[in-house]
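Q: Read top to bottom, the protein sequences are chains A and B. Note that this note's numbering numbers the first sequence so that position 41 is 41, with each residue one more than the last. Basically this note's numbering = 1-based index in the second sequence + 113.
The set of hints was computed from the structure by calculation and includes no laboratory data. One or more of the hints may lead you astray.
Unchecked claim - Straight line, CA to CA, 35 Å or less: simulated DSBU-like cross-link-like pairs of lysine-lysine:
1) A/K77 x B/K155
2) A/K52 x B/K196
3) B/K155 x A/K68
4) A/K56 x B/K170
5) A/K68 x B/K196
6) B/K155 x A/K56
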Amino acid sequence: GNSVTQMEGPVTLSEEAFLTINCTYTATGYPSLFWYVQYPGEGLQLLLKATKADDKGSNKGFEATYRKETTSFHLEKGSVQVSDSAVYFCAFISNFGNEKLTFGTGTRLTIIP
Amino acid sequence: EPEVTQTPSHQVTQMGQEVILRCVPISNHLYFYWYRQILGQKVEFLVSFYNNEISEKSEIFDDQFSVERPDGSNFTLKIRSTKLEDSAMYFCASGVGTDNQPQHFGDGTRLSIL
Numbered sequence: 001g002n003s004v005t006q007m008e009g010p011v012t013l014s015e016e017a018f019l020t021i022n023c024t025y026t027a028t029g030y031p032s033l034f035w036y037v038q039y040p041g042e043g044l045q046l047l048l049k050a051t052k053a054d055d056k057g058s059n060k061g062f063e064a065t066y067r068k069e070t071t072s073f074h075l076e077k078g079s080v081q082v083s084d085s086a087v088y089f090c091a092f093i094s095n096f097g098n099e100k101l102t103f104g105t106g107t108r109l110t111i112i113p
Numbered sequence: 114e115p116e117v118t119q120t121p122s123h124q125v126t127q128m129g130q131e132v133i134l135r136c137v138p139i140s141n142h143l144y145f146y147w148y149r150q151i152l153g154q155k156v157e158f159l160v161s162f163y164n165n166e167i168s169e170k171s172e173i174f175d176d177q178f179s180v181e182r183p184d185g186s187n188f189t190l191k192i193r194s195t196k197l198e199d200s201a202m203y204f205c206a207s208g209v210g211t212d213n214q215p216q217h218f219g220d221g222t223r224l225s226i227l
């Protein structure tokens, strides 16, 4: 069935380090892919999205590329900041008309100064 | 920027009691959702709602759960007889229903069943 496999956390990095959080998906059809972020005490916010193969989503220095051949959507950032500390969720919508989001387990990221 | 708002932020209820979680979606959105997140686990889909009826529900959404859009602005989730395992963060979301326009989430209601 549909599922998202996401890098296990927690992940702890020093400020200005390079970040990768791996995400792979199993879905029918041609899913749209998302990364959501949950800052402490807050709800889920959309970080970035990609709706077709080879699209690159980007926001706030984060990037992820839709790789259909490897069914992956890995999140990257070149230089993390303390303010990036949050839980990151990879998610997808399987196809138009089946609009529910399927989420990964989330990866808790902590950035230390 | 328009927001999805949820009330209350925290609800504590005795097991067996009914609870209603409230949400005000973004005003021009047509699709509404409830998700839940048990502490330390992933966010799980409960139900989607469109055109005044449920369009999809998960196996979690059993007879104890119901949703309603009573007045054109609020969207509620009712749990009739709460169980300990219903303790979770419940998120409301709304969207326009196309896959390139994502769902917008509220800050959630933390439900604690005693």
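Q: Against this structure, judge whether each hint is valid.
A: Against the structure, the hints come out as follows:
{"no.": "1", "hint": "A/K77 x B/K155", "result": "holds (23 Å)"}
{"no.": "2", "hint": "A/K52 x B/K196", "result": "violated (41 Å)"}
{"no.": "3", "hint": "B/K155 x A/K68", "result": "holds (24 Å)"}
{"no.": "4", "hint": "A/K56 x B/K170", "result": "holds (31 Å)"}
{"no.": "5", "hint": "A/K68 x B/K196", "result": "violated (41 Å)"}
{"no.": "6", "hint": "B/K155 x A/K56", "result": "holds (25 Å)"}
Of the numbered hints listed earlier, those contradicted by the structure are 2, 5.
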